[in-house]
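Residue numbers (the numbering used here), protein chains in the order written: chain R, 185 to 293; chain Z, 185 to 293; chain H, 185 to 293.
It should be emphasised that the hints constitute simulated quantities derived from the structure, not laboratory data. Do not take every clue at face value.
Pairs involving identical chains hold if they fit within one copy or between any two copies, as the list cannot separate such chains.
To be verified - Restricting the straight-line Cα-Cα distance to at most 25 Å, the calculated cross-link-like pairs of lysine to any residue (SDA-like) are:
no., residue 1, residue 2
1, Lys198, Asp239
2, Lys236, Thr254
3, Lys198, Leu230
4, Lys245, Gln292
5, Lys245, Leu285
6, Lys236, Pro286
7, Lys245, Ala201
8, Lys245, Ile287
9, Lys236, Ser252
10, Lys245, Arg210
11, Lys198, Lys236
12, Lys236, Gln289
13, Lys198, Phe293
14, Lys198, Arg210
15, Lys236, Asp202
16, Lys236, Met255
17, Lys236, Val277
18, Lys198, Tyr271
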Amino acid sequence: MKLIVAIVQNQDSKRLADEFVENGIRATKLSSTGGFLRSGNTTFLLGVEDRKVDDVLELIKENCSTRSQTMMSPPSYDFTLESDLTYPVDVEVGGATLFVLPIDQFLQF
Amino acid sequence: MKLIVAIVQNQDSKRLADEFVENGIRATKLSSTGGFLRSGNTTFLLGVEDRKVDDVLELIKENCSTRSQTMMSPPSYDFTLESDLTYPVDVEVGGATLFVLPIDQFLQF
Amino acid sequence: MKLIVAIVQNQDSKRLADEFVENGIRATKLSSTGGFLRSGNTTFLLGVEDRKVDDVLELIKENCSTRSQTMMSPPSYDFTLESDLTYPVDVEVGGATLFVLPIDQFLQF
Ligand code: NI
Ligand code: NI
Ligand code: NI
Chain R
185 MKLIVAIVQN QDSKRLADEF VENGIRATKL SSTGGFLRSG NTTFLLGVED RKVDDVLELI
245 KENCSTRSQT MMSPPSYDFT LESDLTYPVD VEVGGATLFV LPIDQFLQF
Chain Z
185 MKLIVAIVQN QDSKRLADEF VENGIRATKL SSTGGFLRSG NTTFLLGVED RKVDDVLELI
245 KENCSTRSQT MMSPPSYDFT LESDLTYPVD VEVGGATLFV LPIDQFLQF
Chain H
185 MKLIVAIVQN QDSKRLADEF VENGIRATKL SSTGGFLRSG NTTFLLGVED RKVDDVLELI
245 KENCSTRSQT MMSPPSYDFT LESDLTYPVD VEVGGATLFV LPIDQFLQF
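Okay, chain R solo, but in the shape it has when bound (with noise of 0.2 Å):
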């Protein structure tokens, strides 16, 4: 047995919830925020088998890879510019951090 702890943008913590109960992996949902600027995130907390630990991380990869994405820029309030105009900018969305932790028991009650 081994806990999983996944750090999750929330980007991509919804569709990873519902892909966990699709899966029948049994998770605890923590609020979370922060890591530098990035907004918030969600932290799962995961208790799973050894022989399952690969699959479990394997889904989480594909659920939660970094990618860019092209939102419109804030409109400025730099009144040296000569326009308010919003524009694309591409960001970075998504992506996970994980820790397998050992563990020395588990138990039900």
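Go by the hints and put chains Z and H with the ligands onto chain R.
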């Protein structure tokens, strides 16, 4: 020293928190949700000396065992049924999932 | 690689979060409460390379040591007292509890 991560159903978390105080056990409480269809739960983090681990696990077991409870069903919104009466149903409440983790260092400042 | 779980009193958590950013240390912040009568605290999760663990622990120690602070008492509601004046009291603020956990795998997607 061990780190116990205890995920406890909300029906039991208040009573368990009281027991921790009564027994001089320091616990940190994280807000958490999920584990399939079950409603809110609470994740406790506890730093426990090796020789006290069994006592703490026993305390959690006594206060958090899964049990059946009779509740009234929600009213039906199925208009093909002749009545919208609620009726008693047995649901499973309570319970805890525990991970006992080895630690390399424990420090307090 | 280690996973550091740092439970930090709220008086210190904002300054510590700033220090993490200044020093290029990625931290995930969980909302947490408790540890007896003490008010809110914050739990940080940090993935730290083995050779940097001591520096991170030192940084936390510098920013989170328990200390005495003089505060005004809340006004008394004990009507047997002749006055409802507040008076200065020494209270303990700040501090951190740290767990350094071994990890089997660390992954980023
Ligand atoms: Ni699917
Ligand atoms: Ni009691
Ligand atoms: Ni500084």
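Homomeric proximity label, lysine 236 with aspartate 202: Cα distance no greater than 25 Å
within (18 Å within a copy, 37 Å between copies)
With identical chains treated as interchangeable, where does the CA-CA distance between lysine 236 and threonine 254 reach 25 Å or less: within a copy, between copies, both, or neither?
Close neither inside one copy (35 Å) nor across copies (36 Å); limit 25 Å.
Up to 25 Å CA-CA - glutamine 289 versus lysine 236, copy category:
Both: 17 Å inside a chain and 14 Å across chains, each within 25 Å.
Check lysine 236 against valine 277 for me: Cα-Cα at most 25 Å, and say if that holds within a copy, between copies, both or neither.
neither (27 Å within a copy, 28 Å between copies)
Can you give me the call for lysine 236 and serine 252, within, between, both or neither, at a CA distance of at most 25 Å?
neither (30 Å within a copy, 30 Å between copies)
How would you classify lysine 236 and methionine 255 at a CA-CA limit of 25 Å: within, between, both, or neither?
For lysine 236 and methionine 255, the Cα distance exceeds 25 Å both inside one copy (37 Å) and across copies (36 Å).
Check lysine 245 against glutamine 292 for me: Cα-Cα at most 25 Å, and say if that holds within a copy, between copies, both or neither.
between (28 Å within a copy, 9 Å between copies)
Lysine 198 and lysine 236: within-copy, between-copy, both or neither at 25 Å Cα
Within one copy, since 22 Å is at most 25 Å while 34 Å is not.
For lysine 198 and arginine 210, with the copy left unspecified, which applies at a CA distance of at most 25 Å: within, between, both, or neither?
both (14 Å within a copy, 23 Å between copies)
Lysine 245 and arginine 210: within-copy, between-copy, both or neither at 25 Å Cα:
both (17 Å within a copy, 20 Å between copies)
With identical chains treated as interchangeable, where does the CA-CA distance between lysine 236 and proline 286 reach 25 Å or less: within a copy, between copies, both, or neither?
This pair counts as both: shortest intra-copy Cα distance 14 Å, inter-copy 20 Å.
Given identical chains, is lysine 198 near aspartate 239, meaning Cα to Cα at most 25 Å, within a copy, between copies, both, or neither?
within (19 Å within a copy, 36 Å between copies)
Violated hints, in rising order: 2, 9, 16, 17 and 18; the structure is consistent with all others.
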